[in-house]
Amino acid sequence: MTGRQRAAVPITLRGLRKRYGEVRALDDVDLDVRSGEFLTLLGPSGSGKTTLLMVLAGFIRPDQGRLMFGDEEVTRLAPHKRDIGMVFQNYALFPHMDVAANIAYPLKLRGIGGVEQDRRVEAALKTVQLGGYGERRVDQLSGGQRQRVALARAIVFEPRIVLMDEPLSALDKQLRERMQIELRQLHEQLGTTTIYVTHDQREALTMSDRVAVVNRGCIVQLDTPRALYEHPMNRFVAEFIGESSLLPVQLEAGVWRCAGQALRHAGQAPAGTRACLMLRPERVRLLGAESDEGLNVLPAQVSGIVYQGDSFLLQARLADGHSISLRGIAGAAVLDNLPAPGDAVHLGFTPTDTVLLPDEA
Amino acid sequence: MEAEGPNAAGLKRDERRERLALLGLGAPALLLVFVTMVLPVGWLFGLSLLADDGSFSLEHYRRMLEQPSYGRTFVTTFKVSFFTTALCILFGYPLAYALSQMSRRAAGLCLIAVLMPFWTSLLVRTYAWLVLLQRKGLINDWGMRLGWWDEPLALVHNLTGTLIGMVHIMLPFLVLPLLAAMRSIDADLLKAAANLGASPARAFRSVFLPLSMPGLLAGTLIVFILCLGFYVTPAVLGGGKVIMVSNHIANDIELFFNWGAASALGVVLLVLTLALLWLATKVMRLERVLGGGHG
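One line per chain: the protein sequences are A and B, in this order.
Those letters in the first sequence? Residues 1 to 361, per the working numbering, in order.
Those letters in the second sequence? Residues 1 to 295, per the working numbering, in order.
No wet-lab data here; the hints were simulated from the structure.
Accuracy of the hints is not assured; some may be wrong.
30 Å max Cα-Cα, derived DSS-like pairs, lysine-lysine [unchecked claim]:
| no. | chain 1 | residue 1 | chain 2 | residue 2 |
| --- | --- | --- | --- | --- |
| 1 | B | K191 | A | K173 |
| 2 | B | K191 | A | K126 |
| 3 | A | K173 | A | K108 |
| 4 | A | K81 | A | K126 |
| 5 | A | K108 | A | K126 |
| 6 | A | K81 | A | K108 |
| 7 | B | K79 | B | K136 |
| 8 | B | K79 | B | K191 |
| 9 | B | K136 | B | K282 |
| 10 | B | K191 | A | K81 |
| 11 | B | K241 | A | K108 |
| 12 | B | K241 | B | K136 |
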């Protein structure tokens, strides 16, 4: 598209609340989305992430709270006046119109017709790599093509904000991963403030500038993908994003101990004498006979090894019976020298990767 | 030629037996339709081509063209059918829309009210309307008592009464297919329209209305065709002033014992109905084609 994009706007949410009977779909949510940012709402189903998106689009009226696009308060603005492009989960393409008419629909509503309309429709189709598909009927398109048409329709009128509600969930894995990259590139090209909803943590990490983890109507943590992955605030975030081993640790005489072994850690430790140690499987290493002074070391017994093509997953049991996972790149030399189930091993990890979380049930 | 495996003949026999079994299942219904539909219609057609003395003649058809009463009958039939259908659309579309937007439970309850006419005898319903609409009926009685009008309104034994009765009876035939079509419209489509900038009225006009069209056309067609052959309601509520084709046929037989004339009328009505159906399927297919173009 050309360079006459309207400026992207920041989005501000203050104290947004929505209840359905006793259920708190949104529990006084505050959120600041930066102008031009790709922000993902990530959470399990029923967490309130879709409710939040629907409030942004104007399809759900909150019980209280304020919603601002830039300096403009839009809390009570009707959906058709919000100037937001939205990609629906099931695409919501109009079945009685062909591809070009679907994309031209928002242009017609804005009084853009004739040559300008045709030019913009064709440009939008090119942007989503469907040039020349205008005459097709919607039911002649594959799932991935429909997804692209829905996307073209959502951006063709150059909205200030784009919302996407699990747009890739109906696609198969390969296509989904390709579309993730394409959506990300498209966002860089357009620079529109984008809010993306997904329950797929990998998708969230792949695409986003920042991710808001949503649970029970609250934003649990809002951070960059890396910060979220490496320093989750609590067990929920740690378990929801990526794989992790969670082990109980105790504070004894000023030293945190796991299964009797003293630990050094780089980050903040929670208050109290009990905590939860989070270890990412790919950050844990198998140690040889020589011990590395800089590492925390846990002795363990191998309980199983799973070969997964590009990597292998090793399960081991600590002295206190807790389980710990280790993931390694599946190089031929590594695979040939792996320990067998029952073997005693030493597992090492750096203090930086030693993340202590509050111990909550 | 390719050599056949040793069990090919047996497999082929199984296939044939299966097809015969399917045919056997359909046979009773086919026989029934043949005996009660095809034979009588053929017989009617034969009768319509016979003069009183039993010789072949086109006099019944010729008379239809020559006598103005026949022409008037057809005009009345199409007029009544047209107005009934139009009124059904007028009342039925908003009703179906409201039902489609309600919760399933509420819609179910309301639908029972709409379907009630289906479950009572046509004759009972028609006479009930007679009781309500006549000069000293309930409606005129209350209307005058409340001072809304001074003279009893002529609500029955005329076109008005016929239309009231027929719309009441036909409404479910329009609402049911229409409701089915409306319920199959994805609610996200209307959200998408609003999101893209369409006001509620615009979203209705550009998305909901075209997508409900197939249901509306189907309902319209059913109602119109059922109207063409209607007998009881115009006979009772029309008071002899609304002569539709069916009433004319009854007169020919009951008053004049003229089976030939009645048969000829029946044949013409059947042909007109079939022509209409054929035309409607053409229009509907066209609709689908047009629907694919720029909306």
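Status of each hint after checking the structure:
1. K191(B) - K173(A): Distance ~28 Å between K191(B) and K173(A) Cα, so the pair holds.
2. K191(B) - K126(A): Answer holds: K191(B) to K126(A) is near 26 Å, not above 30 Å.
3. K173(A) - K108(A): Since the Cα atoms of K173(A) and K108(A) sit roughly 35 Å apart, the hinted pair is violated (cutoff 30 Å).
4. K81(A) - K126(A): holds (27 Å)
5. K108(A) - K126(A): holds (19 Å)
6. K81(A) - K108(A): holds (15 Å)
7. K79(B) - K136(B): holds (28 Å)
8. K79(B) - K191(B): Violated. K79(B) to K191(B) sits at ~41 Å, over the 30 Å cutoff.
9. K136(B) - K282(B): Violated: K136(B) and K282(B) sit about 48 Å apart, past 30 Å.
10. K191(B) - K81(A): holds (13 Å)
11. K241(B) - K108(A): Violated - the C-alpha atoms of K108(A) and K241(B) are around 52 Å apart, more than 30 Å.
12. K241(B) - K136(B): holds (20 Å)
The structure shown violates the earlier hints numbered 3, 8, 9, 11.
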